[in-house]
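There are 2 protein chains.
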Amino acid sequence: MDLKIPSTNQKRLVIIGGGFGGIEIARLLKNHDIQIVLLDKHNYHCFQPLLYQVATGGLEPGSIAYPLRKFMQQIPNGIFRLAEVLSIDSSIQKVHTNIGEITYDYLVIATGSITNFFKFPKEVSSKMMQMKDIPQALNLRSFILENFEEALLTYDESKKQELINIAIVGGGPTGVELAGALGEMKNNILPKDYPEIDFTKMQIHLFESGAELLGQMHPENQAKALKYVKDFGVNVWLNTMVTDYNGDEITIKDGKKIKSETVIWTAGVKGNPIIGLDAKNVLPNGRILVDEFCKIKDTENIYAIGDVACMQTETLPKGHPMVAPVAIQQGALFAKNVIRKEKGKELQKFKYTDKGSMATVGRNKAVMESNGIKMGGFIAWVAWLFVHVMSLVGFRNKITVTLGWLYNYFTYDRTLRLIIRPFKHNKED
Amino acid sequence: MDLKIPSTNQKRLVIIGGGFGGIEIARLLKNHDIQIVLLDKHNYHCFQPLLYQVATGGLEPGSIAYPLRKFMQQIPNGIFRLAEVLSIDSSIQKVHTNIGEITYDYLVIATGSITNFFKFPKEVSSKMMQMKDIPQALNLRSFILENFEEALLTYDESKKQELINIAIVGGGPTGVELAGALGEMKNNILPKDYPEIDFTKMQIHLFESGAELLGQMHPENQAKALKYVKDFGVNVWLNTMVTDYNGDEITIKDGKKIKSETVIWTAGVKGNPIIGLDAKNVLPNGRILVDEFCKIKDTENIYAIGDVACMQTETLPKGHPMVAPVAIQQGALFAKNVIRKEKGKELQKFKYTDKGSMATVGRNKAVMESNGIKMGGFIAWVAWLFVHVMSLVGFRNKITVTLGWLYNYFTYDRTLRLIIRPFKHNKED
Numbered sequence: 163m164d165l166k167i168p169s170t171n172q173k174r175l176v177i178i179g180g181g182f183g184g185i186e187i188a189r190l191l192k193n194h195d196i197q198i199v200l201l202d203k204h205n206y207h208c209f210q211p212l213l214y215q216v217a218t219g220g221l222e223p224g225s226i227a228y229p230l231r232k233f234m235q236q237i238p239n240g241i242f243r244l245a246e247v248l249s250i251d252s253s254i255q256k257v258h259t260n261i262g263e264i265t266y267d268y269l270v271i272a273t274g275s276i277t278n279f280f281k282f283p284k285e286v287s288s289k290m291m292q293m294k295d296i297p298q299a300l301n302l303r304s305f306i307l308e309n310f311e312e313a314l315l316t317y318d319e320s321k322k323q324e325l326i327n328i329a330i331v332g333g334g335p336t337g338v339e340l341a342g343a344l345g346e347m348k349n350n351i352l353p354k355d356y357p358e359i360d361f362t363k364m365q366i367h368l369f370e371s372g373a374e375l376l377g378q379m380h381p382e383n384q385a386k387a388l389k390y391v392k393d394f395g396v397n398v399w400l401n402t403m404v405t406d407y408n409g410d411e412i413t414i415k416d417g418k419k420i421k422s423e424t425v426i427w428t429a430g431v432k433g434n435p436i437i438g439l440d441a442k443n444v445l446p447n448g449r450i451l452v453d454e455f456c457k458i459k460d461t462e463n464i465y466a467i468g469d470v471a472c473m474q475t476e477t478l479p480k481g482h483p484m485v486a487p488v489a490i491q492q493g494a495l496f497a498k499n500v501i502r503k504e505k506g507k508e509l510q511k512f513k514y515t516d517k518g519s520m521a522t523v524g525r526n527k528a529v530m531e532s533n534g535i536k537m538g539g540f541i542a543w544v545a546w547l548f549v550h551v552m553s554l555v556g557f558r559n560k561i562t563v564t565l566g567w568l569y570n571y572f573t574y575d576r577t578l579r580l581i582i583r584p585f586k587h588n589k590e591d
Numbered sequence: 163m164d165l166k167i168p169s170t171n172q173k174r175l176v177i178i179g180g181g182f183g184g185i186e187i188a189r190l191l192k193n194h195d196i197q198i199v200l201l202d203k204h205n206y207h208c209f210q211p212l213l214y215q216v217a218t219g220g221l222e223p224g225s226i227a228y229p230l231r232k233f234m235q236q237i238p239n240g241i242f243r244l245a246e247v248l249s250i251d252s253s254i255q256k257v258h259t260n261i262g263e264i265t266y267d268y269l270v271i272a273t274g275s276i277t278n279f280f281k282f283p284k285e286v287s288s289k290m291m292q293m294k295d296i297p298q299a300l301n302l303r304s305f306i307l308e309n310f311e312e313a314l315l316t317y318d319e320s321k322k323q324e325l326i327n328i329a330i331v332g333g334g335p336t337g338v339e340l341a342g343a344l345g346e347m348k349n350n351i352l353p354k355d356y357p358e359i360d361f362t363k364m365q366i367h368l369f370e371s372g373a374e375l376l377g378q379m380h381p382e383n384q385a386k387a388l389k390y391v392k393d394f395g396v397n398v399w400l401n402t403m404v405t406d407y408n409g410d411e412i413t414i415k416d417g418k419k420i421k422s423e424t425v426i427w428t429a430g431v432k433g434n435p436i437i438g439l440d441a442k443n444v445l446p447n448g449r450i451l452v453d454e455f456c457k458i459k460d461t462e463n464i465y466a467i468g469d470v471a472c473m474q475t476e477t478l479p480k481g482h483p484m485v486a487p488v489a490i491q492q493g494a495l496f497a498k499n500v501i502r503k504e505k506g507k508e509l510q511k512f513k514y515t516d517k518g519s520m521a522t523v524g525r526n527k528a529v530m531e532s533n534g535i536k537m538g539g540f541i542a543w544v545a546w547l548f549v550h551v552m553s554l555v556g557f558r559n560k561i562t563v564t565l566g567w568l569y570n571y572f573t574y575d576r577t578l579r580l581i582i583r584p585f586k587h588n589k590e591d
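Chain order of the listed sequences is X and F.
Residues 163 to 591 (the working numbering) are what the first sequence spells out, left to right.
Residues 163 to 591 (the working numbering) are what the second sequence spells out, left to right.
Worth flagging that the hints you see were computed from the coordinates, not collected in a lab.
The structure presented is a predicted model; accordingly, all values stated were derived computationally and were not measured.
Just so you know, not all the hints are guaranteed correct.
Copies of one chain are not kept apart here, so a pair can be met inside one copy or by any two copies together.
[What the hints assert, rightly or not] As a list, the in silico DSBU-like pairs of lysine-lysine whose alpha-carbon atoms are at most 30 Å apart:
#1 K203 with K536
#2 K419 with K511
#3 K166 with K354
#4 K289 with K586
#5 K442 with K432
#6 K418 with K284
#7 K503 with K281
#8 K322 with K203
#9 K389 with K498
#10 K480 with K418
Pulled out of the complex, with its shape left as it was, chain X reads as follows (with noise of 0.2 Å):
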């Protein structure tokens, strides 16, 4: 079996992976004279950022998947094969995938991250929720409702306690987004959908193993978010690192044990390698060492961009951010040399135009920096809004999740709170 694609005499692009910075180099390599063959394991891109909301009931998922095969409609020299890339094989320039294997001229490894539970063993980690793709978001959906229709059932009051809480660890963005949307419909939603659920003995925690939340923010938004998040009645535990999870309680550092049946882990993620790559070159992180033209090094053709993409540089010795806009412009960096190479001219080295970060926490509250400009409050939670809609692919996508919020701001709701696929009783088998 092979993937069927023609052989032409163009130069030959397999870029493994459609996430932000593997769509950015198709889009701007498009009507080039090269042959672009861009290959996922799934047949769509996924907006990593609005998992939550998915999570939370307040978007359906294709409001923020955008069919590869559509995207592909607008790149002629462009093919999409639906494959996961077992290994490479860089001696003989051929990539091995489910589907069978493909030869290559360049090669962009953009596969981006997952889930890195650290030290935990998997039947610690097993246990506890993440949030990296679309069914596990769907999975999480369903877990917490699943949760709430036990414990109205429950006479155990412990029992009760423990299916009604709910735990994140980590403390950067996603796992903040994720505590004031649970934060808000703890007070708005849930109480009216379970009246038979005293919402006020719910406990939503918050761990975060450093010494404040969005570690990567400036001092002043921390403290913001910390007080925004608070408001929302969620417990933080700063310099707090759990140590266990027996599927009913965390345990914390110092041997304290707290209740909860849901853990959402949001503390860390690593490379999604490939394969065939010389191992000196990636990471105990699995982030892959790059040069400052994302080549990866002692390679020829092969490139790495994202976050599975480490460039290790003076000033950022552990690499860039693993964020959206360091992929879209390592895509475009790539995409830019290789026109710069047809033409002759000299390559350009990558340089991060870090355009400041965000996050929302519940409404109307958001916290963001940019080029030395701080804010907080309503007007940095509408300026959230518009990056990411604008940042959606697709312009249905776009008025869909529009519309979508502004449905959820004005009656405050959430009526996404379906239990498609029940998930605990597959957990538990």
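Could you slot chain F onto chain X? The hints should help.
Then chain F, alone, in the frame of chain X:
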């Protein structure tokens, strides 16, 4: 374990099933002196007539599903339980569910219908797709898309034909609407998504054992629908009984075989009765015999409404059609009779008001008939859209569906071509 339903001085009405009929009862008995307990195995009401649009990527599940807990917020005397009913015991007025048991004063069985494969054994029927609930519609969406992905990799022309063909068994409204939607996709969307597949070779087959499509409608409309479906390139097989299916090929009565990896069975439904009813009151097709008050024969306080009920009359010896309006009207009758009983008034008998029927066949084309008026074409299509939007539960769903349709109409697109949960691999395991 029990359902933790508080005991009150009120009589308790237990409704099994939150479909069209079940929620109509709860709506009309809101604020009356009766305790309403609504049981459903899903936590949402599903607008089944639009499931085919979920399957074909035109709508998201959240647009046609409405959370039952949100619905019950409006019913102060109502309680919802996510529960699967296992059986009833009328001698002690008890319902047994997977989460415990509950007693009732009145019981209404509103469990609707399930797919009826008639005499096909499990090894045949399990190879066919169904479309009676949201997970099934999503599985069908995934399955069709997975088959196209596989088709373009296949060198074997015969296998490729199998993979791109789609067969629908049953020429009722569901089959006709699905055939129209698929015909539209074949013409407008699929060739752009899969430029490597020659969709002129794709065959959409619609098998109907009777002499015409839309058996319940006027012959003029039947002829129109047949023309519309054929205009979309669908191969219609009238008077054609499907006798076997092996996963690759359908066999029809005269022994002829038609290749298709996707076979969607819409040729029959049957009542979905409850264990514990007197067997002589349950017909072989699963429908429960009721009198003109919807009361199950030989019972004092157990009722059945909608698809699962069969009220045999002189003009309708097989009972009423299994459609939403019957369920809604029977639910309304039951609710009003409960109120009449309270007030000591005489109970009313059920009288079905047939508001007519309609079916759409892709863009701009539909047939409808109501009160002796027959219409086809664009006006009928607009009427179809209007009636369906207005029948959806919830303002958000009305808006989402309207906008989704407007988008799809003007762009000739359906953007939800997403394989969120691959189905094929699981099916083949």
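Now for the hints, and whether the structure bears them out:
| no. | hint | in the structure |
| --- | --- | --- |
| 1 | K203 with K536 | neither (39 Å within a copy, 49 Å between copies) |
| 2 | K419 with K511 | neither (50 Å within a copy, 62 Å between copies) |
| 3 | K166 with K354 | between (55 Å within a copy, 18 Å between copies) |
| 4 | K289 with K586 | both (11 Å within a copy, 27 Å between copies) |
| 5 | K442 with K432 | within (16 Å within a copy, 63 Å between copies) |
| 6 | K418 with K284 | within (22 Å within a copy, 54 Å between copies) |
| 7 | K503 with K281 | neither (44 Å within a copy, 67 Å between copies) |
| 8 | K322 with K203 | between (39 Å within a copy, 21 Å between copies) |
| 9 | K389 with K498 | neither (43 Å within a copy, 53 Å between copies) |
| 10 | K480 with K418 | neither (33 Å within a copy, 66 Å between copies) |
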